[in-house]
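Let's have the full structure, built from the sequences with the hints guiding it.
Numbering (the numbering used here), first residue to last: 24 to 425.
Zero decoy hints are in this set.
With a Cα cut of at most 30 Å, we get these calculated DSBU-like pairs of lysine-lysine: (1) Lys-31 with Lys-167; (2) Lys-111 with Lys-394; (3) Lys-31 with Lys-111; (4) Lys-63 with Lys-271.
Ranges of calculated distance between the beta carbons of each label pair, as one might list FRET restraints: (5) Ser-50 with Gln-118: 18 to 26 Å; (6) Glu-224 with Thr-279: 50 to 58 Å; (7) Glu-377 with Pro-222: 18 to 26 Å.
Everything labelled a hint here was simulated from the structure, so no lab data went into it. Don't be surprised by glycine CBs; every beta carbon is placed ideally from N, CA and C.
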Amino acid sequence: MEEWKVYKIGDICSNVCSGGTPTSTHSEYYDGDIPWLNTKEICFNRIHKTERNITEEGLNNSSAKWIPENTVIVAMYGATAGKTAIAKIPLTTNQACCNLTINSEIADYRFVYYYLLNKYSVICSLANGGAQQNLNAQIIKDFKINLPPTLEQTRIASFLSSLDDKIEINKRINDNLEQQAQTLFKSWFVDFEPFKDQPFEESELGMIPKGWRVGKLGDICSYSTIRISIDNLSPKTYFSTENMLPNKMGAVEASTLPQVGMTTGCEPFDVLVSNIRPYFKKILRVDSICGCSSDVMCFHSTDSKYRVFLYRTLYDDSFFSYIMAGSKGTKMPRGDKQQIMKYPIVLPHESILEHFSNCVEPMLLMVSSFKQESSRLAQLRDTLLPKLMSGELKINDVEKNL
24 MEEWKVYKIG DICSNVCSGG TPTSTHSEYY DGDIPWLNTK EICFNRIHKT
74 ERNITEEGLN NSSAKWIPEN TVIVAMYGAT AGKTAIAKIP LTTNQACCNL
124 TINSEIADYR FVYYYLLNKY SVICSLANGG AQQNLNAQII KDFKINLPPT
174 LEQTRIASFL SSLDDKIEIN KRINDNLEQQ AQTLFKSWFV DFEPFKDQPF
224 EESELGMIPK GWRVGKLGDI CSYSTIRISI DNLSPKTYFS TENMLPNKMG
274 AVEASTLPQV GMTTGCEPFD VLVSNIRPYF KKILRVDSIC GCSSDVMCFH
324 STDSKYRVFL YRTLYDDSFF SYIMAGSKGT KMPRGDKQQI MKYPIVLPHE
374 SILEHFSNCV EPMLLMVSSF KQESSRLAQL RDTLLPKLMS GELKINDVEK
424 NL
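See below:
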């Protein structure tokens with residue numbers, strides 16, 4: 024590790040700070056134009072936008088403070104403790120974020136991010152506390168980092184970033200494809216735009232094309248009754264409410280698996296929906312055999328002709344609103360599974376279902392293809408990461424062989 028030097032994180036930063044949370048009872052502090060980051064949004068990612076914004080008044084009446092673009096953020100509390108992110112916009116954060124403004128004369132912020140990502144398990148082991156394991160700013164500032172010369176840092180970081188750039192591009196393409204597919208679903212089965220010239224008739228859901236019928240979700244799907252051994256699953260093929268992402272963003276690898284036993288099995292084209300806090304809108308269509316926890320509902324089409332229609336039906340915002348309206352509990356609401364199967368839907372003729380599937384399935388196949396490519400790129404990144412961060416593998420050798 025010739026020419027590599029050991030520093031403390033605090034020594035390579037021009038500023039280290041946390042943030043704050045405006046009082047939630049003051050509505051005037053929220054829904055402004057200042058991005059405000061919560062630690063649950065930190066998951067080894069780049070932050071381009073935040074789930075919530077605050078107002079100037081909220082900023083001035085809390086410990087929240089602006090941090091610049093390219094700040095490396097480390098979550099300090101709770102389930103995300105030890106996870107990192109990069110702010111790609113100026114933003115503010117809550118108090119559970121440790122915000123590292125990297126001194127560019129000493130370190131490349133991207134290299135620091137990847138180094139901390141690689142040391143995630145080590146950082147987690149430093150957390151202390153009772154039921155909730157916490158880090159603090161001093162622990163992070165004292166954490167040691169091995170740095171090569173800045174030029175080498177930049178080359179390593181640029182290579183790893185190029186892989187994440189492609190993953191990010193794939194994600195944007197997939198988001199666009201999902202939006203197109205859902206726009207088509209709404210046009211056909213909510214607004215009935217292609218059928219405006221046909222006769223309509225009254226139904227319990229309002230006016231619908233004549234010959235269509237109102238049914239319920241249970242007419243086209245059932246909950247999976249398959250059981251699969253945990254031994255046959257991996258972090259990539261096990262889904263729970265913990266590793267499914269909010270706002271219909273899919274899922275990340277599970278951080279842990281149940282120790283032993285059986286769990287619900289899922290087949291290709293099944294749709295998973297988290298049944299805890301439905302307002303988070305966690306949904307995923309799977310393309311391989313996998314498993315899910317009891318907190319996740321696995322919907323299985325009763326007939327292949329319903330596969331695409333089922334996914335788009337469950338993807339729609341109105342479905343999540345229906346789950347929430349019938350949920351039980353206040354702090355952690357859960358949907359009523361029997362009631363969910365009564366969700367009213369408009370069922371068209373089979374020929375229309377087939378036509379819709381023919382239009383949308385190619386989009387979903389592209390989504391699956393881009394996801395698989397991103398998975399391969401992530402695997403390559405994760406394989407090379409520890410070797411590059413330790414100096415075991417030289418960036419020259421990597422670039423020659425790729």
